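Chain order of the listed sequences is V and F. Going by numbering that gives the first Met the number 0, the first sequence opens with residue 0, and the numbers climb by one from there. Going by numbering that gives the first Met the number 0, the second sequence opens with residue 0, and the numbers climb by one from there.
Keep in mind the hints are simulated off the structure, nothing from the lab. Check the hints yourself; a few may be wrong.
For lysine-lysine, the following DSS-like pairs were computed, each having C-alpha atoms within a straight-line distance of at most 30 angstroms [to be verified]:
#, chain 1, residue 1, chain 2, residue 2
1, V, Lys224, V, Lys15
2, V, Lys324, F, Lys33
3, V, Lys319, F, Lys108
4, F, Lys85, V, Lys324
In silico contact screen, one side only, chain F against chain V (beta carbon under 10 angstroms); selected entries [as the list claims (entries may be wrong)]:
#, residue
5, Met0
6, Phe36
7, Ala255
Interface residues of chain F toward chain V, partial, derived using beta-carbon atoms under 7 angstroms [stated by the list, open to error]:
#, residue
8, Trp167
9, Pro172
10, Tyr181
Values in this document were obtained by computation on a predicted structure and should not be read as measured data. Cβ atoms here follow ideal geometry from the backbone N, Cα and C, with glycine treated the same way.
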Amino acid sequence: MGIRIDNGEVVDPANKVNRQKIPVHIKDGKIVADAGSDCHVIDAAGCVVMAGGVDIHTHVAGPKVNFARLMLPEDHRYDHISREDGYERSGAGGVVATTFTTGYRYSEMGYTTIIEPAVPPLGARHAHEELVDIPQVDKAIFTLLGNSEIIFQYLENGEKNKLQEYIAWIIDTTKSYSVKIVNPGGANLWKYCDNLHNIDEKLKDFDITPRDIVTGVSDAMTALKMPHPLHLHCNNLGVQDSYKTVLATIDALEGRQIHLTHLQFNSYGSGGKRKFSSEAPRLADMVNSNPNITIDVGQVLFGRTVTITADGPFEYHLHKMTGSKWYNGDVECEDGCGVVPYDYKRKSFVNCVQWAAGLELFLLVDDPWRVYLTTDHPNGGPFISYPYIIRMLMDKDFRKEQISKISAEAGTEIPLKVLEREYSLEEIAIITRAGTAKRLGLTNKGHIGIGADADVTIYRKSDNYEEMFATPAYVIKDGEIVVRDGKVVKQVFGRTFYVKPETGVADIQGDLEDFFRDYYTINIANYPVGLEYLPNAQLVECGE
Amino acid sequence: MGEVKNRSDLVIFWGSNPADSHPRHFTRYSGTPKGRFNPRGRKDRYIVVVDIRKTPSVKYSDEFIQIKPGSDYEVLTVMRMLANGKRPDQDEVGGVKVETLEKLVDRCKKARMGVLFFGQGITETRGKHQNSAAIYQFGKDMAAHAKFLTLPMRGHYNVVGSGNTMCWQTGYPFAVNFGRGYPQFNPGEFSVVDLLLRREPDVAVIVAAEPMDHLPYEAAKHLLNIPTIVLDPRETLTTKIAKVVIPVKHAGISVAGTAYRMDHIAIKMRAVLESPWPKDDVPLSTIIKRIKELRSQSAA
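Put together the whole structure using the sequences plus the hints.
Next comes the structure, spelled out in structure tokens:
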């Protein structure tokens with residue numbers, strides 16, 4: 000049976016619909032022109048109707064996420080969901096929730112698609128095993144390729160065709176959706192207990208620089224017509240003057256399409272008495288004047304969380320700074336990672352500047368289609384804080400109240416204190432679904448035009464935007480009601496998206512066999528992740 | 000393990016005897032294989048065995064350091080002191096000359112990549128988890144000087160896979176109690192030995208495990224008093240005492256699937272032999288389904 004949503008204010012920026020009261024018809028999992036007379040009718044009077052949320056960057060599955068769970072039993076102890084509460088599967092919550100809890104909580108917040116953005120190729124099988132256990136949402140992984148020694152070899156030899164062929168092969172082999180680069184070259188140097196500090200610094204064993212890595216991989220991805228461009232975590236993240244590295248990287252990219260992820264963590268300068276300042280305004284200007292760039296913010300929230308990143312050297316730095324628990328992992332021939340729990344404090348000047356820098360990016364990037372809501376979950380804070388962030392963006396009085404609670408010293412220095420902009424509902428819809436879906440190239444997501452997947456969220460209007468976005472009245476996934484009043488009522492399992500870039504510009508089979516024999520400890524025949532690991536796989540076509 | 004193959008020039012086995020317990024480890028990863036920076040394989044690695052007795056692994060090593068039983072923690076603590084530029088008052092610890100340890104620490108600091116593998120000689124001896132903690136702390140100390148890895152020599156087929164799956168589903172790797180409708184974790188209270196010693200379980204489902212052979216007798220004894228359902232392809236000491244034995248396919252032999260290597264890499268396993276028996280999940284799902292039916296009947 001179909002569903003018709005009547006009387007709701009539809010906010011669907013991709014189709015230029017803004018708060019018009021038009022009915023939304025759903026049938027067979029799709030948005031249709033007419034669901035017919037025999038359908039379930041939802042009266043959405045007093046409600047806003049949007050597409051389901053699409054999160055472009057959230058660490059929810061894979062080896063390093065699971066290490067974070069392992070390291071934080073204290074975090075799970077007081078937050079859990081029980082079968083007695085009506086969930087099919089119990090689980091632990093906290094800042095890195097278990098797989099089932101993660102799916103339920105995204106769904107209860109009105110999200111229907113999420114992207115795990117950082118999986119080393121050798122971790123892909125594990126990540127897909129976890130995705131199978133994340134219910135309620137569609138999902139995909141990005142493969143980490145910024146420290147791959149095979150890629151370094153091809154870059155060093157100037158073998159562009161082979162590089163392109165390899166990227167096509169590895170994306171297919173890992174059943175991935177796009178490429179992420181984290182601290183290009185730096186994680187490789189970490190295998191010598193070292194790091195890279197600018198984009199023109201040479202690696203130790205390869206005659207290449209981070210500049211060569213990002214431009215080379217970006218060009219190969221463009222040639223492969225991948226739906227989402229290079230997803231980049233720049234060098235020098237989290238340290239003073241990191242913004243300079245971003246500006247240099249943008250120059251190096253010379254107009255190539257790029258998504259800069261959790262840019263907040265790269266937006267620091269060394270101004271002021273404390274030699275730590277927000278350069279978010281400068282980076283926002285950079286985004287405003289370069290239409291090839293999109294960003295997600297990676298908003299920081301006060302409280303305890305855990306940092307999980309492929310940036311191994313950064314995590315060691317953080318461990319030394321905080322004395323907190325530390326896990327390091329090096330992935331053979333491919334990458335590295337680290338995990339360190341962290342507590343963002345209102346009384347810490349640096350943490351306050353970080354917190355403000357994120358909001359500054361939101362408020363100073365003019366085009367909402369190019370800035371997306373993330374906390375780099377869980378690095379800046381857990382994803383369940385999105386409704387709170389939305390309230391800070393939509394309600395300047397509420398934001399000012401929050402600013403008044405931070406360290407007084409930081410409060411006087413941050414550029415945020417003079418910003419008056421308030422986001423509209425339409426802009427929120429863009430930064431949480433329409434914009435992210437568009438940038439991901441998921442044409443059936445992020446909007447509710449005819450033919451789109453019937454992922455729809457109905458929010459009850461309220462002046463308290465946090466409440467409004469935390470407890471949707473209805474969430475519909477593929478045409479089925481899965482959440483009522485912020486509570487899961489039906490468990491469903493979404494798809495996993497993957498791409499299969501077509502190429503054939505070079506023969507690399509011999510190279511791969513040699514490389515695997517010489518440097519890997521796993522046989523090439525056992526390396527690919529087959530479709531048997533993606534029980535609900537959906538191929539997304541690469542561009543024309 | 001690939002980085003061990005490619006980069007390690009110093010490998011230490013502590014309380015671990017891979018020659019017997021992990022016979023392929025040495026030839027595939029840690030001893031003889033040639034890698035990016037180890038073109039000569041074994042010749043490019045300095046291998047040290049630290050143990051309380053001359054194990055069969057010693058003959059494959061360059062140096063053997065014999066310590067007194069139960070002294071691992073003291074020896075590791077002295078190594079941490081040395082790593083941090085301090086010297087203990089005495090000249091000997093755990094039967095080893097401090098000078099010897101000093102040389103070892105110096106090797107660690109100068110290594111391109113040092114690796115310390117530790118086994119049950121560390122985890123199951125006096126000091127237990129404190130010993131593992133001391134090893135990890137030593138690894139952290141070393142990070143200020145050189146690339147240095149510490150890795151447990153996990154035993155038992157796919158114990159890492161079990162830990163990983165439990166962790167992503169419940170948040171905890173083992174000793175998980177679902178008694179309250181949600182996962183709770185407390186080793187020392189909810190681990191199998193603790194439960195059995197308290198005579199708490201009134202029924203046991205045992206999958207691919209050998210408690211009658213592996214657990215302390217006092218704990219295993221309780222299994223004789225309660226109904227036990229055992230899923231295992233082989234005859235074992237536990238199947239002999241079981242109330243019900245359900246033969247199942249042998250994972251990785253007669254059924255395809257995934258197993259996790261000791262360094263947490265998921266490996267695809269193929270089926271190589273036919274088997275008439277079901278996969279593990281078939282009887283388990285059937286039991287769960289039947290329990291649900293019975294529950295709803297009794298509720299009605």
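Hint-by-hint comparison with the structure:
For a cut-off of 30 angstroms, the pair hint linking Lys224/V to Lys15/V stands: about 27 angstroms separates their Cα positions. At most 30 angstroms may separate the alpha-carbon atoms for a hinted pair to count; Lys324/V and Lys33/F exceed this at roughly 34 angstroms. Of the pairs offered as hints, the one joining Lys319/V and Lys108/F holds, with about 18 angstroms between alpha carbons and a cut-off of 30 angstroms not exceeded. Restraint check for Lys85/F and Lys324/V: the C-alpha separation of about 24 angstroms stays at or below 30 angstroms, so the hint holds.
Against a cut-off of 10 angstroms between C-beta atoms, the interface hint on Met0/F holds, since the closest Cβ of chain V lies about 5 angstroms away. Taking 10 angstroms as the C-beta contact cut-off toward chain V, the hint placing Phe36/F at the interface holds, the least distance being around 9 angstroms. At its closest, the beta carbon of Ala255/F sits 8 angstroms from a beta carbon of chain V; the interface hint therefore holds under the 10 angstroms criterion. Checking Trp167/F against chain V: minimum C-beta separation of about 5 angstroms stays under 7 angstroms; hint holds.
Proximity of Pro172/F to chain V holds as hinted, the smallest CB-CB distance being about 6 angstroms (cut-off 7 angstroms). The criterion of a C-beta within 7 angstroms of any C-beta in chain V is met by Tyr181/F, whose closest approach is roughly 4 angstroms, and the hint holds.
In terms of the numbered hints stated before, the structure departs from hint 2 and from no other.
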